[in-house]
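Since the structure of chain A is already known, use the hints to place chain B on it.
From first to last, the protein sequence lines are chains A and B. Per my numbering, residue 1 is the first one in the first sequence, and the count goes up by one each step. Per my numbering, residue 1 is the first one in the second sequence, and the count goes up by one each step.
Some hints could be false.
To be verified - One-sided excerpt, in silico: chain B residues whose CB lies under 10 Å from chain A:
| id | residue |
| --- | --- |
| 1 | Glu4 |
| 2 | Val10 |
| 3 | Leu35 |
| 4 | Thr42 |
| 5 | Phe53 |
| 6 | Tyr62 |
| 7 | Phe72 |
| 8 | Ala100 |
| 9 | Ala101 |
| 10 | Ser129 |
| 11 | Pro137 |
| 12 | Phe138 |
| 13 | Val140 |
Just so you know, these hints were derived from the structure itself, not from any lab. Ideal placement from N, C-alpha and C gives every residue a C-beta, glycine not left out.
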Amino acid sequence: MIGLSSYLVLAALVFSIGLFGVLTRRNAVGILLGIELMLNAVNINLVAFARYNGDLIGLIFTLFTISITVAEVAVGLAIVIAIFRVRRTVEADRLDLLRG
Amino acid sequence: MTLETVGFWVVAVVLLASSLAVVLTPNLFHAVLYLAAALVATGVIFLLLEQPFLFAVQLLLYAGGVVTIVVFAIMLTERLVGERIRQTSRSLVNGAIVAAAVFVGIVGFLLRSPVVTLRPGLEADATVSIGRALVGPFAVTLELLGVLLVTALLGALYFARSEE
Numbered sequence: 001m002i003g004l005s006s007y008l009v010l011a012a013l014v015f016s017i018g019l020f021g022v023l024t025r026r027n028a029v030g031i032l033l034g035i036e037l038m039l040n041a042v043n044i045n046l047v048a049f050a051r052y053n054g055d056l057i058g059l060i061f062t063l064f065t066i067s068i069t070v071a072e073v074a075v076g077l078a079i080v081i082a083i084f085r086v087r088r089t090v091e092a093d094r095l096d097l098l099r100g
Numbered sequence: 001m002t003l004e005t006v007g008f009w010v011v012a013v014v015l016l017a018s019s020l021a022v023v024l025t026p027n028l029f030h031a032v033l034y035l036a037a038a039l040v041a042t043g044v045i046f047l048l049l050e051q052p053f054l055f056a057v058q059l060l061l062y063a064g065g066v067v068t069i070v071v072f073a074i075m076l077t078e079r080l081v082g083e084r085i086r087q088t089s090r091s092l093v094n095g096a097i098v099a100a101a102v103f104v105g106i107v108g109f110l111l112r113s114p115v116v117t118l119r120p121g122l123e124a125d126a127t128v129s130i131g132r133a134l135v136g137p138f139a140v141t142l143e144l145l146g147v148l149l150v151t152a153l154l155g156a157l158y159f160a161r162s163e164e
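Chain A with its partners taken away, still in its complex shape (with noise of 0.2 Å):
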């Protein structure tokens, strides 16, 4: 049987990659790629969480939390579409417009 904690340590795993993925790509698409990754390791601690007590609150945060990350994905991915029309480049290194 496999236990809680072993779905729990599969999801800290996929949350460092995504974590990772965020730090080091410098693609705006690919920094929200690994944010993606990153939600999708929750969804899979809320739902395990939800089984395992028996509780069916962590279902309905999982359903609420991929709702809202789909809304994310859109309005991201539209600021950076409108970034490349400005600026015809995506690179988060050079979209330093605010930097102080």
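Relative to the frame of chain A, chain B by itself:
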């Protein structure tokens, strides 16, 4: 070795491999395809946790919706002819150190928590319970979620529209 054990390890390997491919592959388009694989693997984990409804939602919204949007964004920002987006990464060592530190922190926290292996029995049908909860105690939240989705879509349209 029950079916669940074998399934868990197979899915875990697939999920970790595709996640690593998402952050390491140099071609951004390939990264999105690997992300789709990782999202489907996550859906299978939901199946292993006996939540078929969430599996369907994961496939429809995540693997279907998000991946499609990202592919479109890449096509729009990548000049289709000529130079491709080279997905060079920077400071790999620093990123690996931070990610490993976070992982060690989480696992250290897990090690101090009690071990849970037994699952409570499934109630009749989780999908029915989810539906009743969504229109019962979480009705306001559900409505707010609808407002959020409309707002986000309008915002995305506003940002991405062409100037003329």
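* Asked: Should the hint that alanine 101 of chain B touches chain A count as held when the rule is a Cβ pair under 10 Å?
  -> Hint holds; alanine 101 of chain B Cβ to chain A Cβ min 9 Å, cut 10 Å.
* Quick one, is the threonine 42 of chain B hint okay against chain A at 10 Å, beta carbons? -> With Cβ-Cβ at 5 Å, under 10 Å, it holds.
* Does the CB of proline 137 of chain B sit less than 10 Å away from some CB of chain A? -> Given a least distance of 9 Å, the restraint on proline 137 of chain B holds.
* To do: Could you check if valine 10 of chain B really has its C-beta closer than 10 Å to a C-beta on chain A?
  => Hint on valine 10 of chain B: violated, closest Cβ of chain A at ~12 Å, above 10 Å.
* To do: Grab the minimum C-beta distance from phenylalanine 53 of chain B to chain A and call the hint holds if it beats 10 Å, violated otherwise.
  => holds (8 Å)
* Asked: Is the shortest C-beta separation between leucine 35 of chain B and chain A less than 10 Å?
  -> Check passed: Cβ of leucine 35 of chain B comes within 5 Å of chain A, closer than 10 Å.
* Can phenylalanine 72 of chain B be said to touch chain A, with a Cβ gap under 10 Å? -> With a minimum Cβ separation of about 8 Å from chain A (threshold 10 Å), the hint on phenylalanine 72 of chain B holds.
* With chain A as the partner, please determine if alanine 100 of chain B meets the hint condition of a C-beta pair closer than 10 Å. => Constraint on alanine 100 of chain B satisfied, holds at 7 Å.
* Asked: Holds or violated: is the Cβ of tyrosine 62 of chain B closer than 10 Å to a Cβ in chain A?
  -> holds (6 Å)
* Closer than 10 Å between Cβ atoms is the bar; does serine 129 of chain B clear it against chain A? Give me holds or violated. => Given a least distance of 5 Å, the restraint on serine 129 of chain B holds.
* Asked: Holds or violated: is the Cβ of valine 140 of chain B closer than 10 Å to a Cβ in chain A?
  -> At about 12 Å, which exceeds the 10 Å cut-off, the nearest Cβ of chain A leaves the hint on valine 140 of chain B violated.
* For the hint on glutamate 4 of chain B, just tell me whether its beta-carbon gets within less than 10 Å of chain A. => holds (6 Å)
The structure does not agree with the numbered hints 2 and 13 stated previously, though it agrees with the rest.
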